[in-house]
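Asker: Chains A and B, in that order, are what the protein sequence lines are. Mapping to this note's numbering: the first sequence position 21 is 21, numbers consecutive. So this note's numbering is basically just the index in the second sequence, starting at one, shifted up by 1000.
One thing to keep in mind: the hints can contain errors.
Below, in silico cross-link-like pairs of lysine to aspartate or glutamate (EDC-like), each with a Cα-Cα straight-line distance of 20 Å or less [what the hints assert, rightly or not]:
| hint | chain 1 | residue 1 | chain 2 | residue 2 |
| --- | --- | --- | --- | --- |
| 1 | A | Lys-75 | B | Asp-1170 |
| 2 | B | Lys-1424 | B | Glu-1185 |
| 3 | B | Lys-1465 | B | Asp-1485 |
| 4 | B | Lys-1332 | A | Glu-68 |
| 5 | B | Lys-1332 | A | Asp-54 |
| 6 | B | Lys-1032 | B | Asp-1342 |
| 7 | A | Lys-75 | B | Asp-1342 |
| 8 | B | Lys-1445 | A | Asp-63 |
| 9 | B | Lys-1076 | B | Asp-1530 |
| 10 | B | Lys-1172 | B | Glu-1405 |
| 11 | B | Lys-1411 | B | Asp-1209 |
| 12 | B | Lys-1445 | A | Asp-54 |
| 13 | B | Lys-1560 | B | Asp-1588 |
| 14 | B | Lys-1409 | B | Asp-1138 |
| 15 | A | Lys-75 | B | Asp-1335 |
| 16 | B | Lys-1424 | B | Asp-1488 |
| 17 | B | Lys-1409 | B | Asp-1096 |
| 18 | B | Lys-1122 | B | Asp-1096 |
| 19 | A | Lys-75 | B | Glu-1336 |
| 20 | B | Lys-1317 | B | Asp-1138 |
| 21 | A | Lys-75 | B | Asp-1007 |
| 22 | B | Lys-1482 | A | Asp-49 |
| 23 | B | Lys-1249 | B | Glu-1185 |
| 24 | B | Lys-1317 | A | Asp-54 |
| 25 | B | Lys-1532 | B | Asp-1488 |
| 26 | A | Lys-75 | B | Glu-1345 |
| 27 | B | Lys-1122 | B | Glu-1140 |
| 28 | B | Lys-1482 | A | Asp-48 |
To give an idea of the chain A side of the interface with chain B (calculated C-beta under 7 Å), a few residues [what the hints assert, rightly or not]:
| hint | residue |
| --- | --- |
| 29 | Cys-19 |
| 30 | Asp-20 |
| 31 | Pro-30 |
| 32 | Pro-71 |
No lab work stands behind these hints, which were simulated from the structure alone. Yeah, the Cβ is synthetic: ideal placement off N, Cα and C, and Gly gets one too.
What follows is each chain in one-letter form.
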Amino acid sequence: MERYTCKKYEWVKVDKTKCDGCGDCVTYCPRDVLRIDNQGFPFMAYRDDCWYCDVCTFMCQLDAIRLESVPYLIK
Amino acid sequence: MGVKQIDADVVIVGGGSAGTFAAIKAKTANPKARVVVMDKGPIETSGAIGRGMDALNVVSVPGYGTPEDVVEALTKVSEGILDQECAYTLGTEIYDRIKDLEEYTGREPGDLFPVDDNGNYKCNYLHPTKKALYLAMDGEEIKRALAREVRKLGCIVLDRTPAVKLFTTDGKVSGIFGFNIRTGEQYLINTPAVILTSGCVGKFGMPRDGYLSGIYEFPGNTGEGYALAYHAGAELINLECFQTNLLMKDFNGPSCGYVVIPRGGCGVNALGERYWTHGYWSGDMFLAVWREFAEGRGPIYLKLDHLPEETIQGLEKILWGTERTVRGQFHKQRDENYRRWDSVEQGLEEITLCSGHSMSGILINKNTETTVPGLFAAGDCASVPHQYLPGAFVFGAIAGKMAAEYAAKNKAPKLEADGNAIWKSVRAPLDLAEPGLPAELVEIKIRTKISQYLTPPKSDPLMQKMLWWTDRIRREDVPQIKVCDYHDLIKATEVQSIIDCAEMAARASLFRTESRWGLSHYRLAYPKVDPKWDGKYVVVKKNMSSGEMEVSAKDVPKYKWDYSTRLEYDYPEAKLNIGEGFTHPPNDTHDPWISEKLGVEGLDVPKRMR
Chain A
1 MERYTCKKYE WVKVDKTKCD GCGDCVTYCP RDVLRIDNQG FPFMAYRDDC WYCDVCTFMC
61 QLDAIRLESV PYLIK
Chain B
1001 MGVKQIDADV VIVGGGSAGT FAAIKAKTAN PKARVVVMDK GPIETSGAIG RGMDALNVVS
1061 VPGYGTPEDV VEALTKVSEG ILDQECAYTL GTEIYDRIKD LEEYTGREPG DLFPVDDNGN
1121 YKCNYLHPTK KALYLAMDGE EIKRALAREV RKLGCIVLDR TPAVKLFTTD GKVSGIFGFN
1181 IRTGEQYLIN TPAVILTSGC VGKFGMPRDG YLSGIYEFPG NTGEGYALAY HAGAELINLE
1241 CFQTNLLMKD FNGPSCGYVV IPRGGCGVNA LGERYWTHGY WSGDMFLAVW REFAEGRGPI
1301 YLKLDHLPEE TIQGLEKILW GTERTVRGQF HKQRDENYRR WDSVEQGLEE ITLCSGHSMS
1361 GILINKNTET TVPGLFAAGD CASVPHQYLP GAFVFGAIAG KMAAEYAAKN KAPKLEADGN
1421 AIWKSVRAPL DLAEPGLPAE LVEIKIRTKI SQYLTPPKSD PLMQKMLWWT DRIRREDVPQ
1481 IKVCDYHDLI KATEVQSIID CAEMAARASL FRTESRWGLS HYRLAYPKVD PKWDGKYVVV
1541 KKNMSSGEME VSAKDVPKYK WDYSTRLEYD YPEAKLNIGE GFTHPPNDTH DPWISEKLGV
1601 EGLDVPKRMR
C-alpha cells in the first residue's frame, strides 16, 4: 500500500462548479503557491509557502476560490 | 536557453511599496531611461501591502504636524541613533506622496485618506510625543494602482524574477543577475544604477507556532537586499536593534494596536491591568511586555470591550477588511470576540530585522545613496528608523529620481561577469545529486538557531555560539541543499541571505557594549544605556580584500535639532539568591559508584559508541 502523505491537506479551496480555470489566482499569488492541475483547476502546489494573505480570493472574479481556514499550525 | 543579456539605466530590486515608487519616479525623471523592476512575485500583489494597507504611520500634514515634529518623534523613538536629515526629508516629502497616491488611485481627499472639517487630512496621535502624526487610509487597492502606473509608464517589469547576484567593477555598481522562479529564464543586466528595495529580513527568527511562513513580515522578504548590499561592500547599520514582534498570538498580522489604540483600545496583562504608558510599537513597549511574562502576568491582551458597539463594529470592518483579511476568520476559529476583554491574546513572536518598523538596514543618506557608488536603497531594507510605509514611498521616490540622474551622468561600467558561469553556480542545488538536504530543513535549522541564540535578552555566550552555527551551516549544510525546481531554487539563495543577516546581527550585537532600545538590544552583560554609545552607529561591512566581516563604530551625522533622545524606562535589575545547601566537592573526589563500575566493567567503551 502506498504511504499516505497528507499532500492533499489544503486550506485554499476551489469551487469547481464556478472556476473556469482562467488562472488569475495562479498569476497573482504573491508567493507562487498555486498551479493548475491536469483537470484545469488551481491547487496548492507549494502549500507551505502560503502566507494566507487572501489575494487568491480577492483577485478571483468568479468567487470560485477561497481561503477556507488559516493553516493548521496557526489555527 | 541561454542567459539573456540586457542593458539598463536603472534596475530596481523589489517591486513593493518603495520599488514601485522608485520605478515611477525614475521613469518620470527620464522617460528615455530603461528602467527595470525585478520582483519575486507579481508587482500587483507582492510585498508588504499586496492585500492593502490601512494607515500611514508617520506623516506631517498641515494643521497637525510639521517636518520638525517628525524629527522630534523619530529622534525619541530611535533614542538619537538616526540621521535627522532623513527624518526631516520624510516630513517634508510625504504630503506630495499622499497626493501621488490619490492621483494613481483616482480617489479624492476624504476617500483614500480622511479629512477634517477644515479640509486638512485628519491625523491621530500615535507617537510618544505631543503631535498627531498618524493618518488612516482606506488603501485596499493601492498596490494595484502603483503597479498599473509602473506598467503604464513603460518600465520593464520582470515578475517572479528575483535578483540573486549584484556586481561591482572598480567599486561601482555594474550589473545584476536574476532568474525566473517559474521558467528558469536568466537575466544578466549591465547597469550603472541599482536600487535595493527588497524589504526587510522577515524570515529571520522562527515563529512560535512553527509555521515557516507564519511571520509578521511578508515572507518573500528574506534579506536579499541586506546580503546583496553587504557583498557589494556597502555599510549596514543598526543590525543590533532587533524588531521583537509584539503580535496577535499565532496570527501573523499585527494586533493591530495602531488602529485600535487611537480609538480607545489599550493593552492589558492577564490581571486586566494596563501595563504600558504609550501605545507606540517600540523597544520599550516590548520590554514592558517581556517583563509582564517574566513576572507571571502574561498572557497579555489588546482590550476593546469597553468601546461602544459601533466602534467595535467599525474596527472589525477595518481590521478584517484590509491588509490581513484572514484576521476575522482566525478570531472566529478560536472563538475570540472583541466584546470580551481577553479576546485578542498577544505575544512576543519571531525576531526580525527591519528598518520600517524598527531601525536595521543599509546605511543611506537623505538622497538614498549607499556607500557604494551607483547603489541606492529605500524602504524596509534601508535604515531610516521607524519610517514605516510613508518612508518607503518617500525614499523610494527619491531613489528613483536620484538613480535616474546618476545613470544620465555615469555609463554602466564594463561588466566582467560570465553569465553562464554565474548560472551554473546559482543552479548548483538543482544539479546536485540526490538525496541532498531539502532547503526547508536548512531554513528551519538556521531560523530556530536564530530564535534560540539571538532573541533578546541577549546573552554573550549564546551570540558567540550563533557565530559557530552560521559558520557550520554555511560550510556543511548550504552546499548540500538539493531542490527539484526553479520555485524552490530561490530558497537556496534565501537561506544564504538569512545566514548572512544572522552573522551580521550577532556581530553587531556583540560590538555594542550597552543596552538600548528597550528589549530590542537588551544585553544581559551590559544591562544599562551607556552614554558613550549616544550618537554612535555600529557599522557592519565586508572587507572586500579579505572577504571578512568587519564591525566598527561611527558617529551619526551631527544633530540639527535638539530634541530628547530618551524614552523613559529602566532595565530590570535581577536580584537572585539561589539559596544554600550545595557544596561543590573537591577536585580530587573519587565517586565510589563510578570506581566500582569501572572495576567490574573495565574501561572499554561500548561498541556502538566507537
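Asker: Would you mind marking each hint as holding or not holding in the structure?
Answerer: Right, here's what the structure says about each hint:
1. A:Lys-75 with B:Asp-1170: violated (52 Å)
2. B:Lys-1424 with B:Glu-1185: holds (13 Å)
3. B:Lys-1465 with B:Asp-1485: Given pair Lys-1465 (chain B), Asp-1485 (chain B) is violated - Cα atoms ~34 Å apart, limit 20 Å.
4. B:Lys-1332 with A:Glu-68: Satisfied, since the Cα-Cα distance of roughly 12 Å is no more than 20 Å.
5. B:Lys-1332 with A:Asp-54: holds (16 Å)
6. B:Lys-1032 with B:Asp-1342: Violated, at roughly 58 Å.
7. A:Lys-75 with B:Asp-1342: Given pair Lys-75 (chain A), Asp-1342 (chain B) holds - Cα atoms ~18 Å apart, limit 20 Å.
8. B:Lys-1445 with A:Asp-63: violated (39 Å)
9. B:Lys-1076 with B:Asp-1530: holds (16 Å)
10. B:Lys-1172 with B:Glu-1405: The hint holds at about 16 Å.
11. B:Lys-1411 with B:Asp-1209: With a Cα-Cα distance of about 50 Å, the restraint between Lys-1411 (chain B) and Asp-1209 (chain B) is violated, given a limit of 20 Å.
12. B:Lys-1445 with A:Asp-54: violated (28 Å)
13. B:Lys-1560 with B:Asp-1588: violated (66 Å)
14. B:Lys-1409 with B:Asp-1138: violated (40 Å)
15. A:Lys-75 with B:Asp-1335: Given that 20 Å is the threshold and the Cα spacing comes to 11 Å, the pair holds.
16. B:Lys-1424 with B:Asp-1488: Satisfied, since the Cα-Cα distance of roughly 16 Å is no more than 20 Å.
17. B:Lys-1409 with B:Asp-1096: Distance ~27 Å between Lys-1409 (chain B) and Asp-1096 (chain B) Cα, so the pair is violated.
18. B:Lys-1122 with B:Asp-1096: holds (16 Å)
19. A:Lys-75 with B:Glu-1336: holds (12 Å)
20. B:Lys-1317 with B:Asp-1138: Measuring from Cα to Cα gives roughly 11 Å; hence the hint holds.
21. A:Lys-75 with B:Asp-1007: violated (48 Å)
22. B:Lys-1482 with A:Asp-49: holds (17 Å)
23. B:Lys-1249 with B:Glu-1185: violated (40 Å)
24. B:Lys-1317 with A:Asp-54: holds (16 Å)
25. B:Lys-1532 with B:Asp-1488: violated (46 Å)
26. A:Lys-75 with B:Glu-1345: holds (13 Å)
27. B:Lys-1122 with B:Glu-1140: Satisfied, since the Cα-Cα distance of roughly 19 Å is no more than 20 Å.
28. B:Lys-1482 with A:Asp-48: holds (17 Å)
29. Cys-19: violated (19 Å)
30. Asp-20: This hint is violated: Asp-20 (chain A) lies away from chain B, its Cβ roughly 20 Å from the closest one there, beyond 7 Å.
31. Pro-30: Holds: closest Cβ of chain B sits about 4 Å from Pro-30 (chain A), inside 7 Å.
32. Pro-71: The hint holds - Pro-71 (chain A) has a Cβ within 7 Å of chain B, the shortest such distance being about 6 Å.
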